[in-house]
Every structure is written in structure tokens, then in C-alpha cells.
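At position 343 of the sequence shown (counting the first as 1) the number is 343 in the numbering used here, and the numbers step up by one without a gap.
Calculated from the structure, these hints are not laboratory results.
The reader is advised that the hints may include incorrect statements.
Below 20 Å or equal to it, Euclidean Cα-Cα: the simulated EDC-like pairs (lysine to aspartate or glutamate) are [as the list claims (entries may be wrong)]:
hint, residue 1, residue 2
1, LYS305, GLU193
2, LYS326, GLU165
3, LYS42, GLU193
4, LYS305, ASP357
5, LYS430, ASP49
6, LYS305, GLU137
7, LYS81, GLU193
8, LYS438, GLU165
9, LYS330, GLU193
10, LYS42, ASP104
11, LYS192, GLU137
What follows is a list of derived Cβ distance ranges for each label pair [unchecked claim]:
hint, residue 1, residue 2, range
12, VAL249, PRO437, 48 to 54 Å
13, LEU365, ILE181, 35 to 41 Å
14, LEU88, PRO11, 25 to 31 Å
15, ARG268, PHE167, 45 to 51 Å
16, ILE239, LYS192, 14 to 20 Å
Idealized CB from N, CA, C, for every residue including glycine.
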Amino acid sequence: MKKQIQDGLDPNRWRTLAVIAIAQLMVVLDGSIVNIAIPSAKADLGITDANQQWIVTAYTLAFGSLLLLGGRIADFIGRKKAFIIGLLGFAGASALGGLASTQDLLFAARALQGVFGALLAPAALSIVSVTFTEPKERAKAFAVYGGISGGGAAIGLILGGVLTEYFSWRWCLGVNIPIAIVTALFAIPVVKESKAGGEHSYDVPGVLTATLGLFSLVYGFNRAATIGWTATETVSFFIAAVVLLAIFVAIEQRVKNPLMPMRVLMERNRGGSYLSSLFIGAGIFSMFLFLGIYLQNVLGYSPLKSGFAFLPFTFGIVFAAATASKLLPKIGPRPLMVTGLLMSSTGLLLLTRITPDTSYFTHVLPILPIISFGLGLVFIPSASTSLHGIGNQDAGVASALINTSQQVGGSLGTALLNTIAATSTAAYIKNHGDLGPKLMPAALTHGFTVVFYCSAGLLVIGAIVVFAFINIGKEAIVETEGVVAGH
């Protein structure tokens, strides 16, 4: 113990990691559970195909647009304090969602989950960053953090299936409550408080313009699915999004303490990490939504059977995370990330072969591990490069940016691809009215396959970004040794 203190290592660091892992488990659990519960929630609350994406995007939009602010708040008020507030708020929002009697209340609760998740997630990752300052231990900590994401998804898929099939989809939200409360109680004695130095102020104009700009863009995609791409209302929202986001960029270049400091973005490896994560989120988030609907509404799988059907995906993530943590110190991040993205893109292209009559065992099961193993090769190097050379003052915002880019990409990608799926399905119905009872399954599946083509393309763009921007080698994990807790 004395040696640990002399070396500047937190004696509670592994206990801290266990607490963070449980919190990460809850967040991942929530995402995979909700994907299984969507068809049941749609039927119960009368949610339309055009609005189904809001179950996902209400959360990801709030989460993604507020993560940077959450990272700054965590840096300033204390990462431990922000972590605990985020946990308890997430539990309250989950309770509200579980009791929702209308689609609007469910969407609002999902957005509120995103708000508190935006405080919780960057606090958790920056706690790992400031707690583990020794390179080899840090690599192990990131491997655990990535592995728990895959394990959490596996648990969530099965638990979501059980709760939806034998109880109600509402329990899929309620399960977060005990996990969050217990984790908060463990965090109080175990996690060490840390704060950033320097002046503490918040970029409120930046928060407002970024959030409203992103909302306008997502809502524009949503309206395009309902009233068309060229409708005045749709175009107005797109114009508003461009104007608001341009104002946001201008604000960030002028304010004293920006929400998104350019110094964090402009380092090429960090910038490449964030930009590639944007495309990864856009390409992958929607896959879960549409594949889950395909399994239940086209192939007729029960929620529990759908949960088991996704299990090979989570196993691939866990196995690849362990592989990536061993290879990263030897070959660096770029080869792993490019290989992983191209592998996942190939898997998505293979998914386009599904039809209403194809078997899960021949057309889905063999492909899920390809997609997930590829993603697992990306996540660990991406987490490491996103914190490359960062200082304590920006640890929270840099941690937030990797999640921000994924979640913003996820919300924009889901909104856009849901619109593409809806319009492709409608066009198929219009051109194939002679199919009779087979029309709707065939039309839905056609919409999904068009989306999988688009998703594969987004991952290829992500691979190009990584190849062009990421240039650090094996030193990728020997980072941020100057980030010391307690400053």
C-alpha cells in the first residue's frame, strides 16, 4: 500500500474501475434492452413507423448534444460528484419512462435519460483516465471498459427479451433503477474526487446553438419521412440546422471557455478519432433498430428469441476487445481501426441478402460476429487515440467528445436512415401492389436492405478518415501521464 501511494497510484483504482464498469454496464444494458422492447412499445402506445426512431433518437440526441457540457460540468464540479448525480438522475428518468402512458411521455423520458447520461458518461471515462496513469494498467482498464460494453449488451438482450415477453416492455426501463442506486452507494467511499484547474465557466450560447442545431437536423429528417424532402417545413428545419451549427462554430472560436475547444479537436489523431466515431455511430446504431424489427415483425421472433438472436454480436465485441488490447501496444491504432471498419462494412453488405423467407441461421447468424468483431477492433484504439496527449484541464471534454461523436452520429444516422427506410418501403409498396399478403414483409425488408447498404458506406468513410488522420504508432496507449487526479 505504501509503495502504491509513493508511486502516485490510487490504492482504490481497481475498485474504482469496478464501480465505473457497473455504471457502463447499466448504460449499455439500457440501449440493448430498449432495442428489443421497441416493437412491443410501438404496439402498446400506437407509435407509427415514422416516429419509431424517436425511441432511439430522443435519447441519443439529448445524450450526444449535451455530452460536451456534461464533460465540462464534471471537470468543474468534480468528476465523482457528477458521476453520482448522473447515476441518480438516470434512475429517475428510467422510472418515468417505465410509467409513460403516451408516446410523447416515453420520448420525453428517453430524452431525460440522455440528459443525465451526458453527465454520467464523460465523468466515468475521465475518472478512468485520471485514475490509471500507468500505461500498462491503463490499457487493461480500457480493455475492461470496452469488454463490459459487449458483456452488458449481451445481458441486456437476454434480459430485455425476458422482461418484454413475460412481463412488459416497461420493466426494460425500470431495471436501471436498482443498478444506478447501488452503484452510487458504492461510488461514495471508493471513487476519488478530481477536478480540473483553471477558470470555471460554461459556454451557454454554445450549448443552445449546438443542441437546437442538432435537433433541427434530426427533426428535418423525421419530417422528410412524413411529408417529403422538398416540403417547406422540411427544408426550413434543414436551413435552421445549418445556420445554428454555423453560429455554434463561430461562437466556439471566440468565447473564452468554449464548449468544444479547438485545441482538443485540432490534434489530428484526436480529431480523426472523433470524426470516425461520427460515421461509426451513424452506420451502426440504426442496424440494431432495423434488424430487431426484421426479426420480430418479419421473421416472427418473440422478444426473448430476438434477444438470443443478437448474442453472437455481443460475443464478437468482447472477444475483439481483448484481442485489440493485446495488439494495440504492438502495432498501434490505425491498422486495427481500418481493418475493423472494413470488416464491419463487409458484414453489413452481407446482411443486404436477407428476404422475408431467408433463414436467420444462414443469413444473419454467420454475419453478426463479423460486424461485431470488426467494431471491437475499433473501440479500444479509438478510446485511446481520443485522449492522445490531452491535459488534465481538458480530460472531461476529450472523454466526452468520443461519446459525443458516436451519439450525434447515431442520432443523425438513425433519423436519416429511418427516413430512407420509410421512403424505400413506401416506393416498394407503390411498385409491387400485386404481391398481396406478402407485400408488407417484402416492402419492410427492402427498406432494411437499402439501409444496410447505406450503413456499410458510412463505415467505409470512417475507415478512410482513420487512414488519413491517425498516424501515431505504438505509443498510442502511453498517453496522458500528465493527467493526474486531484488537480
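Quiz item: For the pair supplied as a hint, LYS192 and GLU137, is the alpha-carbon distance within the 20 Å limit?
Solution: Holds: LYS192 and GLU137 sit about 17 Å apart, inside 20 Å.
Quiz item: Is 14 to 20 Å a correct range for the gap between the Cβ atoms of ILE239 and LYS192?
Solution: 48 Å, violated
Quiz item: So does LEU88 sit 25 to 31 Å from PRO11, Cβ to Cβ?
Solution: 27 Å, holds
Exercise. Take a quick look at whether LYS42 and GLU193 sit within 20 Å of each other, Cα to Cα.
Key: At roughly 42 Å apart (the allowed maximum being 20 Å), GLU193 and LYS42 break the hint.
Practice problem: Could you check the hint for me, namely that LEU365 and ILE181 are 35 to 41 Å apart, CB to CB? | Solution: 37 Å, holds
Exercise. For the pair we were handed, LYS305 and ASP357, check the Cα-Cα distance against 20 Å.
Key: 18 Å, holds
Quiz item: Is it true that the CA of LYS81 sits at most 20 Å from the CA of GLU193?
Solution: Given that 20 Å is the threshold and the Cα spacing comes to 7 Å, the pair holds.
Quiz item: Taking only the CA atoms, is the gap from LYS305 to GLU193 under or equal to 20 Å?
Solution: Violated: LYS305 and GLU193 sit about 43 Å apart, past 20 Å.
Practice problem: Take the C-alpha atoms of LYS430 and ASP49, compute the straight-line distance between them, and say whether it is at most 20 Å. | Solution: 17 Å, holds
Quiz item: Is the Cα-Cα distance between LYS438 and GLU165 20 Å or less?
Solution: Between LYS438 and GLU165 the Cα gap is close to 26 Å, so the pair fails against 20 Å, i.e. violated.
Quiz item: Between LYS330 and GLU193, does the CA-CA distance stay at or below 20 Å?
Solution: Status violated; Cα separation ~33 Å.
Quiz prompt | Distance restraint hint 45 to 51 Å, applied to the beta-carbon atoms of ARG268 and PHE167 | solution = Given a distance of about 49 Å, which is inside 45 to 51 Å, the answer is holds.
The structure fails to meet hints 1, 2, 3, 6, 8, 9 and 16 from the earlier list, while all remaining hints are met.
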